[in-house]
Structures are given as structure tokens and as C-alpha cells.
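Please build the complete structure, drawing on both the sequences and the hints.
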Amino acid sequence: MGKVTGFLQYPRLAAPKRPVAERLKDHREIELPVVSERLAEQGARCMDCGIPFCNTGCPLGNLIPEWNDHVYRGRMTEAVQALHATNNFPEVTGRVCPAPCEAACVLGIHAEPVSIKLLERSIADHAFARGHILPEPPLSRTGKKVAVVGSGPAGLAAAQQLNRAGHSVVVHERADRIGGLLTYGIPDFKLDKRLVQARVEQMRAEGVEFRTGVVAEAGELRARFDAVCLAIGARVPRDLALSGRELAGIHFAMDYLEQQNRRVSGDRIPDERAISAAGKRVVVIGGGDTGSDCIGTALRQGAASVVSLEILPRPPESRDPTTPWPLWPLMLRTSTSHEEGGERSFGVSTERFAGGAGTVEQLHLVEVAERAGRFERIAGTERTLDADLVLLALGFMHPEKSGLLDELGLTLDRRGNVAVDVNCMTNVSGVFAAGDCQRGQSLVVWAIADGRRAARAIDAFLMGKTELG
Amino acid sequence: MRLPESRGLYDPRFEHDACGVGFVAHVRGLRSHDIVERGVGILLNLEHRGATGCDPLSGDGAGILIQVPHELLAAEVEGRFELPSPGTYGVGCVFLPRDPAARARCQQVLEDKILGTGQRLLGWRTVPVDEAALGPIARQSAPVIFQVLVGSTTDDEQGFERKLFVIRKWAERTVRESDIPGRDAFYIPSLSCRTLVYKGLLLAHQLAKFYRDLEDPRVVSALSMVHQRFSTNTFPTWQLAQPFRLLSHNGEINTVRGNAQWMRAREQLFDGRVFGEDVRHILPTITPGGSDSAQLDNVAELLLHAGRSLPHVMTMLVPEAWQNDPSMPAYLRDFYAYHACLVEPWDGPAALTFTDGRQIGALSDRNGLRPARWLETRDGLVVLASETGVMDVPPEQIARKGRLEPGRMFLVDLAAGRIVEDDELKRQLAQQKPYGKWIRDNAIHLDEIDDVTEVPGAPAPHDLLERQRVFGYTTEDLRLLIAPMAEKGEEPVGSMGTDTPLAVLSERPQLLFNYFKQHFAQVTNPPIDPIREALVMSLRNFVGGEDNLLFELPDHAQMLELGSPVLTNEELATLRGTHQIHFRRPATLPIVYPVAEGGRGLKAALDELCRQASLSVLNNHSVIVLSDRSATAHMVPIPSLLALGAVHNHLMRNGTRMRVGLLMETGEAREVHHFCLLLGFGAGAVNPYVALDSVSELARAGVLAGVRDPAVARKNFVKAVNKGLLKVMSKMGISTLQSYQGAQIFEALGLSAEVTERYFTGTTSRLGGIDLEDIAEECRLRSDAAFPRRRAPSPGLDTGGEYQFRAQGERHLWNPKVVTSLQRAVRDEDVKSYREYSDLVNQQSRGPITLRGLWNLIPADAPLALSEVEPASEIVRRFATGAMSFGSISAEAHENLAIAMNRIGGRSNTGEGGEREERFLRLPSGDSKRSSIKQVASGRFGVTTHYLVNADELQIKIAQGAKPGEGGQLPGHKVDAVIAATRHSTPGVTLISPPPHHDIYSIEDLAQLIFDLKMVNPKARVSVKLVAEAGVGTIAAGVAKARADVILISGFDGGTGASPLTSIKHAGVPWELGLAETHQVLVKNDLRSRVVLQADGQMRTGRDVVIAALLGAEEFGFATAPLVASGCIMMRKCHLNTCPVGVATQDPELRKKFEGKPEHVIRFMFYVAEEARELMSQLGFHTVEEMVGRVDRIRPRDVNEHFKAKKLDTSALLVSAECAAGVGVCKSLDQDHGLERSLDHQLLPEVRAAIEQRERVRLALPIKNVHRTVGALLAGEIARRHGPGGLPEDTLHLDFEGSAGQSFGAFAVAGMHLHLEGDANDYVGKGLSGGLISVRPPRAATFRSDESVLVGNVALYGATSGKAFISGVAGERFAVRNSGATAVVEGVGDHGCEYMTGGRVVVIGKTGKNFAAGMSGGYAYVLDQDGSFEARCNPELVTREGLGSEDAAFVAALLDEHRRVTGSAKAAELLARWEETLPRLVKVVPTEYRRVVEQLEEQRRAAESAAPTVDDPLPVPRGNRHSTEAE
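First to last, the sequence lines map onto chains A and B. Going by the numbering used here, the first sequence opens with residue 4, and the numbers climb by one from there. Going by the numbering used here, the second sequence opens with residue 165, and the numbers climb by one from there.
These aren't lab readings, by the way, just hints derived from the structure by calculation. Don't take each hint at face value.
What the hints assert, rightly or not - Taking lysine to aspartate or glutamate pairs in the EDC-like style, the calculated list, with each CA pair at most 16 Å apart, reads:
1) B:LYS1317 - A:GLU115
2) A:LYS468 - B:GLU941
3) B:LYS1370 - B:GLU671
4) A:LYS468 - B:ASP948
5) A:LYS20 - A:ASP195
6) B:LYS1391 - B:GLU1349
7) A:LYS147 - A:ASP229
8) B:LYS879 - B:GLU735
9) A:LYS196 - A:GLU343
Quick look at the structure:
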């Protein structure tokens, strides 16, 4: 089905965005909706492959050819049904996922891949706008109780699935709001928090109980619940143990981003704790997504300049031959934040921070070359970079060991993540883990996939067989 | 004397035979010994139509039937007893066991029955035989042959003949059921007061030597009917020799299983009204163990003795195509319609000769698929035989000659002393009773019912969804199967084969339908083209209770007559609601059971259903509707096929089946395959209400392209199912639904014997499998998935993933990981990545997908070092790439494969699209793009002599895995200038490949084509490609006897450019089964050593190669895998021309994207070979040859975790082939093709000057029908030396006189002129490549040339250039698939110019029916003598018009040449009165061709006016039409 020659007829359309000058003035979402005719053409570009590599390129196994076809035919209701068949939160992945599906798209071998992510977002938005996101309570209750700890994408996905299978689910969240990194990690200009809120409302209506601001306690979890799903994320950030690290003005990216998200949500941040880029020379260490979010946020706060540092060499402009289709391509990625300003340095390593009066003023940098997996400094390339605010966006290491993991007596893997078996269960019977806390830091789409997988495993654990897909 | 028992995969039920038939008779019944001698003479001249097995001195069987030789018998028994006058005694030929005691007991039985029926035993006569005349195998199995003489006790000869019949049946059954040792040898070839049979396991020339009587001048007869057999085995089976008691048969009854079953059911309605008490003794009508022909003979005998005349009986059993023939007189249609209420046709190719001793006749099947030619002499002899020229008759003695036309009967009435023509004969038959009135008064047509019932509207979408769930619908079902049917009225098309698990290996609940695989015709009988030859096809069916077959009354016609077996909801409601008289309203029985009760609940429901069915019969309902409308999430439907099978077989068993018709009202049926199964297992019609409601909903939702009206969408759906049904029937060579119904043309794969025996009685299931418990478990799984008890059901349907990969759907062998790891391996030369690939494929880690996935290899106790195994470079020489035509794949992809395979010494295959000549030449780089295997398929595209001589192997594609039994179509938009040139066609014009090879309707035809190819290129080996199905081993044995050098067994799952989805999934079986069976049967027949056995079909890894070798193959084919190595990513869009990686497309832009390199393919082949070597070292084999057939090294692995797989028993595949010492188990002997005995071979020295020095040579010589394929060897020699251009005109001129054998002038090239004075058999000018052929009647002949048949069927098949002048009438399918030759002929049979794509044909005489069917190119000019041409021309692709001045000049010049070359009086006459002739000439122009030619002409003119000239190929429109490309 689909349009057989669509891919030969229509060029790829990327998501349209607000102009940079305009979007830097606020924290609202950058991407704009697409009119339905254009969207249908994008759906028509799908070749409806015999082996749709997108379908396995996506960790969720999204039924991409199906909804591409539905969009082509203007069947938005069927499209969102197909989307929800595998994905609890397409409005999220449609915004923040790097879209490995598009990297795997067969059309991408010789041409521009199908705009899968754009289609996903558009379908989800259409459904939200029409009020089609309705509660789906279970037909019957099993009487089993499941605790989900952590309310990031993994926890939410697990909770929603388990509840729909008839179990009584209580989500435990340490923070004051539900959503984990969705709420406090991802900037509003990428993901409008009202969407997260809408999902929470849906889940509440389905019967999920949310407890925020609570520290889950092992004994209580074991005593009061038939199963526990840990989805506490990998919150311990990677640090840079360099001389001068103690200087003021050096922060972990997540602390910085969380504050801004809170502000947008209406919280007041006490001045003494406030981190702001306004008027400052900002350096972001780490060229990943978090780093990019820091750039966008800093620019919106009115930074005087933003420089981002990446230790890896500058990737090629297009797919590197070492990562052939359908692999995730090694290539230079320019995020919306990069479009907005700032400067990017590659192949550069920070050797120390320098400053006066206890505040950071300068970074000492050196260029490095990668040899046999190690970075070697290139003598003679030393330089300094002035900075008032340094944001460390070097990724996360593993979950926090102290507290719940210790109390439960869980075995960890070599990298410090919770070890689980093929059924997502930890060494403690009835205790499961999903998302970054067992996988290590990863994509939202993986978190949702893990949450769904854990829910299946828990359902089977409780009932002997599972009804979850 | 009988066939061996089943063992391993061999089953005697699969045996086939084909033959030469003939008779000679004196019209006025003058008896003479000469007639007997002439009969024997005919046999000798048909000997080449028979075959020998491993023992060249033992034939497959020959025999003769004559009138009772009273003079001989009287003299022979003189002194012992006295014979009464002729007609008052009967004589029987009796085969008896050799053991004297057993023999005595058998004789005693016979004597008892003679007395038991009140007749007199006169005595016995030992038949004098000479066993020295027999071959060793025949001698070992020879019976003792006596004649028994029985005296009549009545004056009524008819009554006496009936008593003799009773005696024979009774005695046969008594012995069969006795404990007499050697009772199998007891057999009575004939027992009659009129006729006597002499037959045995003989070659033609042995017959008269063995039976001394036949040379005895006292043996006189007014008729002799002879038969020469070609069977697919080498087993000693005396009793399968023919003639039988009434008839001889050249052909095959495709529907025999159904016919026999229905006959058994009908017997239950017999009462004492005809045979009285004796009725007990004549049953069963059909003697167990007989061949299809023998069974037909059994039934014919019964009906004859019950009182119908023999012509009447034969017309009933083998009716002509009456359903769609508007020109047929009404009385005759009524006659056929009435008899259709009594009995279904015995359907299949047939030339039948029959006699009761007073009349002798012949009839041809409705499609004329077996040749028969006749002549009448001036002194009253009539000869009819499979070939012309079997009896020497001086030309001036010939009064008339003709051929048996499709569906026609030919009868010599010896008593009346004349030939009765078909028209007269059938008029007599039809007017015996007021059949028309009976039909009109009694039969019911749905559309004639006036009290139509309103049906409630379609269900609400929500209810529909629930129903769809109940029956396990997936989004794929709706998207890929149902929607296209509702849009276009056609079955959807797909490509690249299937790679999902067999149903029994799947972990997803499977519909019971998926456990059945369709059978199809190959070699022993042709599939039919249901589109182009629609006139023989019919879906008309009669449903209701039947009456006693032995007589005829008006009541017999009380049946419901349906035009289509798909009932709409409205029709079913009407049927239920009608109060129309004569029709007892249908009983509806629910077919549901509580899912919670599992297998026991299912069993109980089935038992209750059967009980209810019997009650309905008792209550006089004549129709039962099995309905699952009441199904819910809890009361799940019994699989409809199971319910049907239960009721059908239950009623069969208790003898009441014929009292009711069965209709299905089921939500389950949605695919064509489902309908095929329901009808094929006995349903009369099916109402697929959920499918119909789904179609309505799709239309309403606006999802269907171009169809908004639900009623139109439903109509389209029904049309698509009907078309699909016709296609599936035609694949098996079955023309009528009536015969298909209940014929069970399926094999079960994965069902337990318990299930098949009880519910699908008679169906082959060779691996065992699931039982009722498991079927119930699948129902439960389906119900659980669709109706979760806790979770709200998802708002849509399950995704499926059967046709296209889905992560959450069915497993596929080709999945993203497999594809990418293979591509990485060959691109980066990454062995590790290949390992990853082969592990994924071999281990089938997520559960078995293929049969080989169920096995482990048994390592040797002492493995070999890798260095001791033959090198990979040796192994890759055994590898071939599959047949993929240039046209289905791009030039880039095609040539890439050829270069790669040539570099490594393997073989690439042209596919069926020909090959550009420049590829025959080596490239400067040393590479070669020449495909070493040249395929010869049904379309014969590009098959020129030059093509054939440039091959190392010539492959006859009988079938292909993805769509066995089907033809194909290359749509015009894919035919660009280059492809057109290669295929000798016109750019932009659609090309059609017919389903059958029109020169292979039987095994002896295949032998002929093999001989033709060998003649034209003796250096090439000839291979025959078959597809695995139950019985393929037996076919292969026949193919080996037909002298193929290589037999290729393809799996059903093989890839394709395009094929209906039904065929991709449901036709044929895996190669493991076909290969194992073939190897076992070939070894059993000691034929294995004569042929190379090759296997292909989703072959991917070294392990696959090793398994194939262990099962019996020594060569291996790969197609999809090397394509994937070249960049294919399994789009499965080959049929759409949109392949985004340039593999399967002709779009110039997309072709640029092809990135494959020969190295990729070579690396793949070597990786596979290296993997095989490693396994060989573990198994302890040095060479591939050592491995062949070593099934002892395979053992089933533990699959206990899989609830279905664990029930499979593959041990039948792992039976070591039985063989005596000295029997070869792999190819070691060359076939004896007998080329050096050919006429061409003898001519070679005499014509060498022409061939070598281009000197003009002219020879005159006699020719006989045993001289076959004359000219081809010389043509091949010329093409080899002089290339496609051949020699200058008339360099080699041969004048023949006599009757030419088959394939006269085949492949003749430019510079050759073969002139024949006399007549010729089939295939004149086959593959003509530039030569000139002329045929004229003998100068002494007195018959009119335009009324007498001069050449046989299928002349000029696949001709590409050259000329033919035939001064006489040709048979069926003249110039079929002609693409460039010019011909004049003075009359043609049916289907003239079929599938023609080029060239010009002038017909100056009568044409048969269906002229120009499928004709897409070239022109025909037809003399419309009597204004009847319009009705005879198939208008689908062509238009008719008058001749323009250019045409007129062309035709006039050609006729003048015809007159000069052949001396044609007709041509002279027409030219003399040209002014009168011209207006009567009609030009036949293919519509599409006209458009393209005009376009080309326009371009040429434009190019001429605009200098400089550009050689621009025709712009090919880019389109997206679905097409069915052949391979």
C-alpha cells in the first residue's frame, strides 16, 4: 500500500522551525506543525519495505510503515492507534528521539530517509489536539500491587502498561513533579511539559497512583507490593577531576538545566542557588545532547558567548564509512541549539580550570588525537579559553548506589548498573529494573522500551502469562 | 506384479503414465488378420512414445484389444470342448500366479463365480507365449496367462456381457480379499463375448513375439486398439499396461482422487433396480490399486453395463467445454447441464480410445491436450493414432484425414458401417430424453428466485472488529490481501518468495488452512491458462442431493445451480428464505465450541456436528450450511475446514454424502487458498461473511483506491476469489470447479495421521504433526490474543508480519540482522560477519523455521583435518545462481552474477528472458557475461538457435518455486528497447508467458523437447527444473527416463519477481521433502546414476549445502542470497519496478543505484563453500560426492520446547534410499540420447559442404514419423559456426517425402530450406530461427488441402524468424508465441496465434476457436470464408480491420510465394480472384502493439527530420501497475 512511487516524487521535508531570532526570546517549543497535505506526502515517501529496517532500527519496534501509510491516507485515528500499539509516549519520542529509525530507513541508502520522527510527532499532536488521548483502564483488576520507583520514561511506561494489565500501580517519585528527565532534564523548547502533564493525567484516570516527594524505602516496597519495578535512572554524573574543579561557576549540566525547567514551570529559584548564563562567557564541556541543551538554554538566558568543547574529533559531514547503513551513522550533528549560536571545538581536552577569587575564569585546553582508543595530547597546541560559567555535560555513570539499591541488596554489573536477568528481574525475586538504572544512560526511546519489557515480565511473573504486547 | 509399497517418501499413489494410443478398424466390420497386424504395426511406429527404465529391454507396457478371435479359439480348444457360436460365449484373458497351487485356487474362484451367476464354464486355454521375448525385469514378474471360456445361458447378448462383467468383478474381489499367496498376480485383462485383450510389460516390438496368437493368421478382427505406455517408474507392473476392458488412455486424470471418492459415495445410492441381486458383487466399482486410467475404465464399464451406450458414457464422464460456448446448440448444452447434475467430469488431458467390440471411437479432452490424428482410406480402413504416419497408406488411397479436435468425439460404427461425426453423434445422444425440460423444471438458479430475503445491514465497525478478532484477522490481511482484491478484483502480487516458518513451526497461532499445500501439474500434464483459455474453464457448480447414477430421471436435476462458489450474504439469506418448490430448505448447523474446553470440547463438538448432519439428512434436507456466525470470544469457531472435513467424511463413511450438498458460512475464509481448500475438500460454495463485511467497511472508510461503493468492492472481492480459484484449479490442469470440488488436490504438512485419516481422509501428510488437542490450543491462543481478559483490547488488529517483516510479527529467515551481516561480510571481506550471518540462519535461534532447522548433523567418530577436504574452489563449481530473467532484474544485477559465476567456474542462469548476443563474447578483461545455463521456459523469449548453442546447460523450466504451474507477464512499461531486442519483441508491449510449455503436455512430450534441445546443442547438458510436491520423485523418475541429464528440485519458498501471494505461500513444499523423495525414488528405480540432482530454494549457507547433499543433491542453486550479497535489501517490490537499490528494476535512474560487484557474489560463494568444508571435515567427508544421500548423518534435534514442532516426525526423509548392490547413488552414467541414430546425424556427412563451406547442397530423401527433430542438429552446427545470421538463402535445401516425425524443422536457421511432401506431426518449425519450412500434400493425394490436416499441433512454437508455408490445415495453437516468423497456412485449429508477439501469419482457411488469445504483437491476416471469424477471434487484446494497400501487397506477394513453394491450389485460386479475396481478408492487430508501433513510427519520422539521427530507445512510461513477471 502507500504510494508506490512516492519516494521518487516527493523530497524529504524536515520539521519546520521557528526563526532563531524569535525562538531565542522564549522557551517555547521550536518546531512548528506541518499542514496535512505536506504530511501526507511525507507518509507517501515510505516504500513499505519487505524488511522495514526502521521497525527494528527503533528500539520500540514502532510500526512505522503502518502509520506512514495511515498518514498518507489521512487516517489519523488509525495512525495514532498504530503508534500507541508499541509506544506509550509518541509525543515525547516524536520530539526528543534522535530517530535511529531514520538512520535505518531503506530510503536512506541512496536518498534522504522518510521523515519518520516528524510524522510521529504530528500524529501524536493531532491526537492530543483532537482530544483522542483517552484513558484506557483495564477491564478487570488482578488485586496485585506493583510499585514503580522513578517516574522517568521507563517508570511511566512500565506503570502505564502494568496498570492496563489490571495491576494496582503506585509510582514513587523523589522529586516534586512526575516525569524524571522528561520534566527536569529536557528543556521546554524541546518538550513542552504540558505534554508530560497530560500523560500523567491520562494515567491517573486509568488508575495509576502517583506519589511525589517520597523516598521509597526497601522494606515498605517489599512488604506492601507484589512486585517492584526500579526505574530510578542513572543519575550520577561523570565529573572532571581536574585542578580548579572546586572553583565556583563550574556546574553539572543537569543542575543547570533543572533550574531552568523549574523556572519555566513557575518555580522560584533562590538567588543564592541560581545558575544563570546571562551576560556570561559560557563553556560547555561535552558535545552530546545534554551539552547541546545547555547551549540552547544559555543562549536563551542571554549568554555573552557560548563555546562547546568535545574531546572527539570533528565527525564527517555525512555518514562515515565505518558506520554503514543501517547502523547509527557517525556524522556531524547540528542540533537546533547549535543553529542558534555558539561555537564548537572538537578534538580538544581540558587540562585544568583557572580562576581568581574562587571563581572560574579560564580553561586550559590542549588538542588531542585519538590513538588506539586513548586520547593523546598534541604538544604545542595548548591554549586557554576564558569562561565565567562552565557546564559539565559529560554524561552519567550509573544509578546512586546508596539508599534503595543497597537496602534491597541488589547485585550490580561491572559498570555499576543494576544487574538483571533476561526477564528484567534483579537478583531479588520480584524486584525488577528498567531504563537507565540497568542499561546505563541511554535514549528516552530505550527507556520506554525497557519499561514496557519490564512490565511484560512483571505481568508474567505475577500472572503466569502476560497479556501485554 | 503390483507397485511397491510406500516406503520413506515413496508412495505408489503418485505414479503417472502417458502414452501413445491408436486403433485401426474396418468401417464395415470386415474381419481380417491384416487389421491385427496393422494394429501391431501402429504400436511399432509409436514405440518412441513409450519408455524403458533401467532395463532397456523391459518396456513400460504395451497391448492390443481385438474382437474375439473365434476361428482361432474354436480350433485351439477342439477336442477338449466345443465352442458355441460367436456371441454366446465369452473369453477372458486371465493373469495368474506362477505358483501352481495358488493358481489353482484363483482358477477355482473364477469358476465358482461363473457358476454362481448361472453361466457355464466351458474350459481353459493356456495362452502360448514366448518368454524369451521379454526383458529381464518383465520376465521375472511375468504371470502365467490363461484364457477362460464361459458359455452363455441366455439369448440376450447384452445381458450375457453384463453377467461376464459381474463374474469378473466378483472374482477379482474374492481373490483380493482372500489369503491366496501371490493373489496380487491375479488379474483379468478382459472377459467379454466381444473383445479380447493381449497386454503386458512389453515393448511394442515384443508384443507379437510374446503373444504367439497375434502372429497366427487365424486371429482375425475388424478392429484393433493398441496402446504404448510411458510410466514414471521402472517397476514391473503387468496389469497397468493398456488397453483396459473398454478403453485406452493417453493422458492423466487430474481429479481422480475426487472422482473416485464421489464414485464410492454414489455407490451407496445404488439399489437393485439395474443389476438386481448382482449389485452386491460389482462393488466397489473402482478396483483398488488401479491407475487413473484403470479407474476411469472401471466407471465406464459400470455405466455401460447399466444400460447407457458407450459414447453416452464417455460423453458424461469426459464432457466437452459446454459452459461458455455460445455457439453450442441448446439441446447439447441441456444434455451436458443435466449430466452435470449426475456426475462431475473426469478432468485432465486425454486422448481416449474406446470400444465395446461393435463401435470403436476416440475422444479428446475439452482442451485437446493430447494429439490424435485419423485417416480413412478408400477401401474402408480407419486409422487413428497419437501421430500421423503410423501406418503406411499410399496417398492416393487416402479418402479423408483429420485430427481429433478438443472435446470432440470420433466414432466408427462397425454395425452401421460408417463413421459417425461428432455433431450427429451428440445430437442423437442429446435427444434421447427431454433433458432440457428436465433441467428447466427442476434445477434452481439463485437469480431466478423471486422471494428474495432482505439481509440486515453490515455490522457496526466495532462489531466487525470483534468478528475479525474472532477469526484472527491481522492488519496485514486487510492491507495486503483483502484491500487489493476489493480494489482491483484481482489477487495481490508479491515477490521474493517466503521465508517464514512452516505453519507447524510457527509460534503464532495458525489457521488450519496454512497446514495444507496446493498441488500443481508438472510434466505429466499441463497447467491451463485460465485467462487466455477461459473458454474451457468453469466455476459452475451443482449443489444438492443426488440420485442413483445408474439411470436417469427428471428428479436427478433437482439441484441448486451456482455460477460462482462464493455466496454473498444476500444470496445465502435468499437461499434460506425461499419457498420455491422442489428445494428442501437448508439446515444450518453451528460450528463453534467453548474454547475453555480445549481439545476435548472440540472433539465433542465435532462428534455432535456429525450427528446433527446425519439427522439433517434423515430429515430430508438437501443442503446443510455449516455456520460459524454464532462464534464469540468464548464460543470460538471450529476451524471451518475441520468442521467441513468432519461432516464430509462422516457422511462419506456412512454412505449418505450424496444426499446433501454442503455450504460453508464462515468468517474465517478470506484468502484464495482458503476457498480452494473448502471447495477442494467437498464444500459446494462458501459465504465469507466477515471478509465481505470487512470489504464493505474498507470501502466506507475510503481506504480503497478508486472504490468507494461497498457493493462494488464486494463484487470485486468475489471476482478476485473466483479468478484466484480458476488459477489454482488451472495450475493442476483442472478446468471445472465441479471436478475440483472434493478432489483434495493438497498435501498436509504438519497434521497428525489421526487428524488426516479422520477428517481429511486420503490426504497425504508425510511428517505427522498436530492433533485435535493442538488445534484447540491454537484456537485458544488466537482467542486469548484477540480477547485479553484483563487488558482493554487494543483498538486495532494484530499486525501479522507474515508477508513483510515486523519485529513483533512472524519470524523471517531474512531479517534485518541477516541481511546486514551478509552484506557487511561480502563488502568488507569480513569472515566474522559471515559467521554471524550463517549462525543466524543455521541456528534459527528463535525456533525452527525450516525442516532442516529441525536437524543436527552427526559428527564422524574420526573427523578429518580441514586440509583433507576438497578445496572450496572445487565445491563452488557445483554452485549455480537461480533463474532470474534479464527483465525481472536489471542488466547490472544480471551481468554481475554472470561475471562472478564465470570467474569461479560455477553457473549463472539466463532466466527466461533470453540473453543479449554480445554477452556471448568474452570481454577484453577476460571476464565473461555469458550465462552458462540458458533457460528454456514456456514463453521461449529469446530462445534462438544461436542462444541455444551458446550454452553449457539448457534448462527446461517446468515450474518455479514461487508459483508452480503459473505463467507470468512482463508488463509493457518494463519492456525497454534492450529487453525487447533480447526477447525478440516490441518495446512497451506486454509479454505473456503461458502457464504450460505448449510442447510439454505429457512426459513423452518432455522426452521430445529434451531430444530437440540435445539435437540442436549436443554439447549442452539438459536440465529439467521441477518444484517439490508430494510425488515429485515419481515425476523425476519419469524425467530421468525422458533422458534429462540434470534434475533440479526447487523448494516452494524460492524467490520470484512477482507471483500471487497465494502461490508464494501455499503451493508446493520445502525442497528437503522434494529432494529426499526424488533421491529415494530415483535410487529405487535405479535411475539415480543417470542424472545429476540439483536443489535450490532459499538456500543460504554451507550447512544448507551439506544438508542438501546428505539428502541426495550433488549441485546447489542460490538466488536470493547472491542478490542480497549484491545489494538487495528484500524490498519485495520487484513487481513494481521501484527497487530502490537497482536490482529488480528497469528504471534508468534506479538502476544507477546498483552497487553490487562480482567480488561480493564470489565472496559469498566461497564463504558458503568454506563453511561447507568445515562441516564436511567434522562429518568426515572428503568430497561432496561422498556425502550424497548420506541421510544417516542427520538426526532430529530436540525441539521439545515447541508444542507443535515436537510432534513432527521427519524420519521418512531420513530413510536411506533402498538399493541393490551396484545401483549408483549419484551421477555416474551418461544418458543414451540416441543422437547418432537420428536422421540428421546420418545426413551430416552429406551436407558438410553446406555447413562448412557455404556450398549449396540439395538432397531428396524419404521420411517417416520415427524421424524426429529433423534439421535441428544441422541448424545447431550452422549457428555454432556462422552465428545468428546463418547461411545465405537456400544454401542447404532438403526435400523430404513421407510423414515427418515430431519437431520437423525445429530451430532451422537462415540458409536452410526444408521441404516436405506428405504430412507432419506436432511442433513443426518449433523455435524457427530464420529457416524456411514448406509442407505440401503428396502430389497423388486427392483430398482437399484446405480441409485436411497436414501438420500437427503447436507448429512454429516460439519461432523468432524465418518462414513457413503449409499447404494444408494445421492443428491447435498454430504459431503460438511466434515472435518473428512469417507463415502461410490453409487452416488452423483452436488457439491460433496464441501469445504471439511478432511476425506475420496468413491463414487462408478455417480458423478454430479462440484465435489470437493473448496475442500482443505481430499481425495475422485471416480469410474469413463464411463470416464466422468474428466469433472465433478472442477480442481481448486485438482488433480486426480490413487490409490497407501495404498489407494487401504484402499478403499477395506472400501468397504468391506460398503458391510457388508448395504448389497450393488454394493460394492460386485466391490470387486469381484477388478482387473478391481482398475484402474477405481480415487483419488482426493487437491494440497495444498498434499504439507502440505508431509511436515508434512517429519517432522515426521526427528523428529523420531532425538531423543528426539519434538512436533513442523508446521512452518507457514509468508505472506502478501490478504485474506478474515470469521469474
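Results for each hint:
Pair hint LYS1317 of chain B plus GLU115 of chain A holds up; C-alpha atoms about 14 Å apart against a cutoff of 16 Å. Using a Cα cut-off of 16 Å, the hinted pair LYS468 of chain A and GLU941 of chain B holds, with the two alpha carbons roughly 15 Å apart. Simply put, LYS1370 of chain B and GLU671 of chain B have alpha-carbon atoms about 12 Å apart, close enough for the 16 Å limit, and the pair holds. At most 16 Å may separate the alpha-carbon atoms for a hinted pair to count; LYS468 of chain A and ASP948 of chain B meet this at roughly 11 Å.
The hinted pair formed by LYS20 of chain A and ASP195 of chain A meets the criterion: a straight-line CA distance of about 15 Å does not exceed 16 Å. Under the criterion of a C-alpha separation no larger than 16 Å, the hint pairing LYS1391 of chain B with GLU1349 of chain B is consistent with the structure, at around 9 Å. At most 16 Å may separate the alpha-carbon atoms for a hinted pair to count; LYS147 of chain A and ASP229 of chain A meet this at roughly 6 Å. Restraint check for LYS879 of chain B and GLU735 of chain B: satisfied, since their Cα atoms lie roughly 13 Å apart, inside the 16 Å limit.
Our distance criterion of 16 Å between C-alpha atoms is broken by LYS196 of chain A and GLU343 of chain A, whose separation comes to about 22 Å.
In terms of the numbered hints stated before, the structure departs from hint 9 and from no other.
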